[in-house]
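Asks: If you're matching them up, the sequences are chains P and B in order. Each residue of the first sequence is one higher than the last, beginning at 1 in the working numbering. Each residue of the second sequence is one higher than the last, beginning at 416 in the working numbering.
This list has only true hints and no planted wrong ones.
With the Cβ distance kept under 8 Å, some of the chain B side facing chain P (calculated, not the full set): (1) Phe537; (2) Asp580; (3) Thr605; (4) Gly608; (5) Gly747; (6) Ser748.
Below, computed lysine-lysine pairings styled on PhoX-like, alpha-carbon distance capped at 25 Å: (7) B:Lys484 / P:Lys149; (8) B:Lys531 / P:Lys329; (9) B:Lys581 / P:Lys103; (10) B:Lys581 / P:Lys329.
Please keep in mind that the hints were generated in silico from the structure rather than gathered at the bench. Since the model is a prediction, treat every value here as computed from it, not as a measurement. Glycine included, C-beta positions come from ideal geometry on N, C-alpha and C.
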Amino acid sequence: MIHFDAPAAAHLLRRLQFGVTPAEVDRAVRDGLHATLERLFTPQPESAEFLASQAALKDAAVATASIQDLKAWWLHRMAGTANPVTEKMTLFWHNHFATSAVKVQSVPMMVEQNDLFRNLGAGSFRQLLTAMARDPAMLVWLDGNANRKRHPNENFAREVMELFALGLGNYTEHDIQEAARAFSGWHLRDGRFWFNDSQHDDTAKTVFGKTGRYDGQAIIDLCLDHPACPKFLAFKLLRTFVTTEPSGPQVERIAGLFVKHDLAFAPVLREVCSSDEFYAAEVRGSIIKSPVELILGTLRPLCERIRWPAVRDLAAQLGQDVFAPPSVKGWDGGRQWVHATAWIQRWNFLSDVTGSDRYGHFRSEVREQIQQHPREWVTALFAVPLADTMHTAISALAPDERLPFALSLPEYQLM
Amino acid sequence: MSTNRREFLKLLGTAGVVSLAGPVPALWSQAIGAETKAPGERVLVLIQLAGGNDGLNTVVPINDDSYYKARPGIAIGKGAALKLNDAVGLHPSMTGFRDLWDTNRLAIVQGVGYPKPDRSHFRSMDIWHAAHFSERIPNGWIGRLLDQTVSSSSTAWEAACIGLDKLPLACLGERVVPPTIQRLEEFRLTHSGRDVAVVSSPAWKQVAASASGSGELDFLRRSATAAVTSAERLASLSQEYRSTAAYPSTALAQRLKLVAQMITADLPARVYFVSLDGFDTHAQQLPGHAVLLSELSSAIAAFFADLDEKNHGNRVMLATFSEFGRRLAENGSLGTDHGAASVQFVVTPPGKGGMYGTAPSLTDLDDGDPKFTTDFRRVYATLLERWLQRPSEPILGEVFAPLDFA
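Let the hints inform the model, and build the full structure from the sequences given.
Replies: Below you can see the structure in the form of structure tokens.
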């Protein structure tokens, strides 16, 4: 039985949206776990103001072919949407099918792929993987046009198995070579997927021990039906939404949920969020915040009039340049986020949040609320309890120094 | 003790108040009071060539017909290569390395690899970093080296990763978190109107480091404390480092210049880790590969010219590595695909240069790739045992015979 008190509600919200306010914690506790999940996983109407501003930003980015503006659009969208779970899943899939604009060099293609994650990401992985294999940005990213009948290119076939559907150890080099032939002729023409019959090798291939005159879709179906697929998805879901180091039995259980829901993502995530295990003490605060989590999770509750270009540049500096992941493997995350330079920059950001208007204006009402209701704010902002020594040290400080001090603690980097 | 060193210790006086409870928290905090530690210790610089360097076009088998037959479009001509001996020549853009060869400082280890080569970038790089073949690899060989020195009675060793945007697995240990430093200017704590940065205040240090924790929080505490100490220490390095050596404007050269600055200032790191990316040359490889090898060779030549001038050259050894070499045969796009065995370069003090290991046969191949003749862990064992004078077996898990370049 889950005791859905304020810390539990704050934990749930931290994992399913970007940052938490005490008011949101209050509401979730009042509504209870079931109603809160129902609300988070049901499409909510967006405000007219949000719709107008996000459309303006997106149109401008596309019109000027500015990938930098597109990055600002997405970050603004993550922070401002009434449907944060959708954006969390979109970011999850962007990291999973990590595609970089640095190579794709097309704002419309990056938009199309991003919208695809947004529209299909909650549903069946079957549909999503099938669509990704024909996605223009992906075709550019993994050299679709270079995969020709007499010169197969293994890039996409390798990553489908290694990074998208199965994970290392579940296929052989030979499987990749054969699958590459099945994807030959899956080309791009005039910015669209094009099956180039003349470059497709339609002879027999042997993949996972089965033989047939497979085309690309047949390979995708073989991967989707492979027993490693639900386990791989379970591992990735757990790592992002539950805990950095999932245990074997945990992976098995969640893989079972993926089988039960025929690889549909949101239903599994929702079931995970209503399990006892999700609220266990060792799960709370077990994930190191990504730069996007840290930045948006800090600015959304504390600041207004946010300066999106500065936010975008900071996210990139901290190592999470959206639309430009470092490789097809995406961001490693976890402990890799907080090397020494990143610490310095994370602290400098937190120092700027309270001491400058570089990234936005600190909300004056929040300043008052924090002084009046410090405990509620600690519950909202911190995923792990602060030691008594910390409370003592914080109370000894001048009121204006308390928040900067607390945000600089290692505890604040956890979610 | 050098003037620089003294300045540091003076500066570090304030950092000395950090009380570090629990199991030895972090490197970079140790040397605060380490006035007894003499400068002039041996240093190892590792340069990762990320993407899989084409060893055959780097150290070219100029008298092997199989090489020229397999690479009609991209082979380096016998006349163009910088001839080292009857069998091999360096890529023509590597004049800096040829000079190091001529002064007997460039060691070339041929045919380096490992059994059952993995052709995934990520997996193979993990294997090189970890020197380990298990599925989940929690730490790296340098990390284990640092852990080992923490456990021993002597001063704990430190490492620094320069120009990387994440901590490489190689440097990840159980007890230590080396700093990654991209550029000095990004490594400065801002104050936002305060006298000192929050994390430099004694109250913060006391609280942030003292409480106990486990898992991610424990890691964060250790790495946070290490980062503050590093920032305070590096604050004293000037933005303008003077050197008469002609460092090129390339990214690698600028990173090595920072390494030289840290070495000559007697900062306590014993291992520096640097990376150069872009070696995944699947298509149109000739122009891009030439630029990379030129960047590598000229940066390293300038680095050693600088160190020599300041009398630190003899205490620095530099080794390159890459996750794999490339196929013998070129592909259909004038490039090369992922392969297996490749070459490793080591810059040694004068006298130890030369060819080591055995060049792999180009007719007896493993699925199109040259077979390895020297296990890369023998190179690591050499660096550990002979250069850094640390036992290698606890780090590598078994005994590997060292080579003679150190």
